[in-house]
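The whole structure should be built from the sequences, with the hints applied where relevant.
Line by line, the protein sequences give chains A and B. Quick note: the first sequence uses our numbering, first residue 1, plus one each step. Quick note: the second sequence uses our numbering, first residue 1, plus one each step.
Note that these hints are calculated values from the structure, not bench results. Mixed in with the good hints, there may be bad ones.
What the hints assert, rightly or not - Pulled from the structure, derived: some chain A residues nowhere near chain B, Cβ distances all over 10 Å:
no. : residue
1   : M90
2   : K96
3   : A132
4   : K177
5   : W192
6   : M195
7   : A233
8   : A250
9   : L256
10  : R262
11  : K263
Said to hold, decoys possible - Covered stretches of chain A, going by a simulated chain B footprint (3 or more residues, C-beta under 8 Å):
no. : segment
12  : 6-17
13  : 38-48
14  : 121-128
15  : 202-212
Since this is a predicted model, take the numbers as computed values, not measurements. Built from N, CA and C at the ideal position, the CB exists for glycine as well.
Read off the chains here:
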Amino acid sequence: MDYTTFLWTTAGAFLTLCIFSFLYKDNPFYKFAEHLFAGLSAGYFAMILWHNGLIPKLMYARLDDGNWYLLWLDSSKPWYLIPALLGILMWARFSKKYQWVSRFPLAMYIGIGAGMAIPLEMRARVNEQLSAMMRSIDWSHFFGTNGFNLLDTMSGLSQSIVFIGAICGLVYFFFSKAHTGVFGGMAKFGIWILMIGFGASFGFTVMARVSLFINRMQFLDQRWIKPAIAPSAPWWYELVLYFVAAVVVAYAAWELAVFLRRKKNPETNQVI
Amino acid sequence: MNIFERLMQLDRRWVFLLLAIVCVITYASSFEVPILVEPEVRSIFQFIDTLPKGSVVFVPMDYDPGSMAELHPMTYAIVEQCWRKEFKVLITALSQNGPGMADQAIREIVDSLKVPKTYNGVSYPAREIVNGVDYAFLGYKPYPAIVILGMGQNFRLPFPLDYYGTPLDSLPMMRDIQNYSDIACAINISGTNATDYWISYGQGRFGFPLAIGVTGVSTAQYYPYLGSRQIFGIMGGMLGAAEYEELADNAGNAKDAMRVQLSAHLVIIAFVIMGNVGFFATMRKRKRGLAEGGR
Numbered sequence: 001m002d003y004t005t006f007l008w009t010t011a012g013a014f015l016t017l018c019i020f021s022f023l024y025k026d027n028p029f030y031k032f033a034e035h036l037f038a039g040l041s042a043g044y045f046a047m048i049l050w051h052n053g054l055i056p057k058l059m060y061a062r063l064d065d066g067n068w069y070l071l072w073l074d075s076s077k078p079w080y081l082i083p084a085l086l087g088i089l090m091w092a093r094f095s096k097k098y099q100w101v102s103r104f105p106l107a108m109y110i111g112i113g114a115g116m117a118i119p120l121e122m123r124a125r126v127n128e129q130l131s132a133m134m135r136s137i138d139w140s141h142f143f144g145t146n147g148f149n150l151l152d153t154m155s156g157l158s159q160s161i162v163f164i165g166a167i168c169g170l171v172y173f174f175f176s177k178a179h180t181g182v183f184g185g186m187a188k189f190g191i192w193i194l195m196i197g198f199g200a201s202f203g204f205t206v207m208a209r210v211s212l213f214i215n216r217m218q219f220l221d222q223r224w225i226k227p228a229i230a231p232s233a234p235w236w237y238e239l240v241l242y243f244v245a246a247v248v249v250a251y252a253a254w255e256l257a258v259f260l261r262r263k264k265n266p267e268t269n270q271v272i
Numbered sequence: 001m002n003i004f005e006r007l008m009q010l011d012r013r014w015v016f017l018l019l020a021i022v023c024v025i026t027y028a029s030s031f032e033v034p035i036l037v038e039p040e041v042r043s044i045f046q047f048i049d050t051l052p053k054g055s056v057v058f059v060p061m062d063y064d065p066g067s068m069a070e071l072h073p074m075t076y077a078i079v080e081q082c083w084r085k086e087f088k089v090l091i092t093a094l095s096q097n098g099p100g101m102a103d104q105a106i107r108e109i110v111d112s113l114k115v116p117k118t119y120n121g122v123s124y125p126a127r128e129i130v131n132g133v134d135y136a137f138l139g140y141k142p143y144p145a146i147v148i149l150g151m152g153q154n155f156r157l158p159f160p161l162d163y164y165g166t167p168l169d170s171l172p173m174m175r176d177i178q179n180y181s182d183i184a185c186a187i188n189i190s191g192t193n194a195t196d197y198w199i200s201y202g203q204g205r206f207g208f209p210l211a212i213g214v215t216g217v218s219t220a221q222y223y224p225y226l227g228s229r230q231i232f233g234i235m236g237g238m239l240g241a242a243e244y245e246e247l248a249d250n251a252g253n254a255k256d257a258m259r260v261q262l263s264a265h266l267v268i269i270a271f272v273i274m275g276n277v278g279f280f281a282t283m284r285k286r287k288r289g290l291a292e293g294g295r
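See the structure below:
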């Protein structure tokens, strides 16, 4: 690993540890890393939009293509002036007097979005889902399409659970009739189905959060510690590693000292 | 104060500390966890594995570094499998902070192809992967829904140039590729709601075979699309990635992380049980306290 890559990786490792320090409590290291992340993301996004949206669409500087240019606008595509003007009108929101002008591009944007989305979303999220729910049950593969498998999402059993669960879930949200008798039983089953869904989401979420932590461990181990202590690495790589470790240990010791002092003498419980 | 009351007042930082200690110890150990492959992951592997040589696989990498923990292993396993089997790979990155990360991932996978390897008993020679011949990286354009619809007409509409600034018509691989009708399948790996767009505006409008790899947080919400056959496979979070690595016989970071996941889950389950025991054991006292307060 060359020294520039190592130094950037060290910065990444240090910022990782800064972010994790929030698990103990809010602190200046965390604040620094948080603000750096927010600023970098915003700046990077702005530049990505500039180079991938505005420059190629409006200001693509192909001056040798025989077209004339007005304020860098490509004359071979004069209709690009319309969205460019609409985009400029958006900025009218900053003026109290003329902010009504910004409603034109917003109306256009929402109109196009709705016109594009409604038929396709209706088809993909409503019609297809309804059709799948009402498909005839596959009795020949009731307990699994490839042998016995109760978790097979394509099995007849799964289709039955989806159908009954969807009906009962909808019944739970039907408030025009009291949830009593058979109707109440269906609503209760519906809420159980919803809870199972929420439970599955929660389980996956836990896995996702642990995955992030594991990934950071893998980063620290594979991309920072191992290259730094490798026999082929320059001597100062290891020194940098120990320096960052010393900063972490010093901060932890300082926090521990503050904690013990407060425990010993609760009256001096001031914020430091 | 009895043990249950102490349990209910346990500082959450003890939970974090114990979890961190367990994760670090398990990470440092070397035992392997058996991985049970689900049919929804197997179907993706089998679909790709049975494609003829020269097929075009579209891999939209719609995630940013915040999701790389779960999604990078999927990308690495799938793209390497495609290149080992001599497919062409078309890549986009429709998440604003993702193009640089995607470019780095492509370079790393290209490097891993430079050594011969054996997967599932089949030996693959070393390959030199060439930009424009074996793959095309189109990069990022804002508004995924519009970009997805545009690519359905022609990839050149939203992407006249690739990520590196080369016109698409100059790339040998792109000469025969106009739109989705020229791809064998799309494997959308996403950490954003771009997956919704791929299902509604991509597969829903143009009907190409679509499979998805998503973060754990959003996995459960996409299972209905599997049942309705709008997607032919789904990889959920790091477990989905580990299952794919298991199938591809290409152990990577996801499979390596499964032992840590197992131990972390056991700790969390133990804390959930302890929390519930403490809650129910102190419920009577809390009710009594409320009743006395009400008098």
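Hint check:
| no. | hint | verdict |
| --- | --- | --- |
| 1 | M90 | 14 Å, holds |
| 2 | K96 | 29 Å, holds |
| 3 | A132 | 3 Å, violated |
| 4 | K177 | 27 Å, holds |
| 5 | W192 | 16 Å, holds |
| 6 | M195 | 13 Å, holds |
| 7 | A233 | 20 Å, holds |
| 8 | A250 | 19 Å, holds |
| 9 | L256 | 13 Å, holds |
| 10 | R262 | 14 Å, holds |
| 11 | K263 | 13 Å, holds |
| 12 | 6-17 | violated (count 0) |
| 13 | 38-48 | holds (count 4) |
| 14 | 121-128 | holds (count 5) |
| 15 | 202-212 | holds (count 8) |
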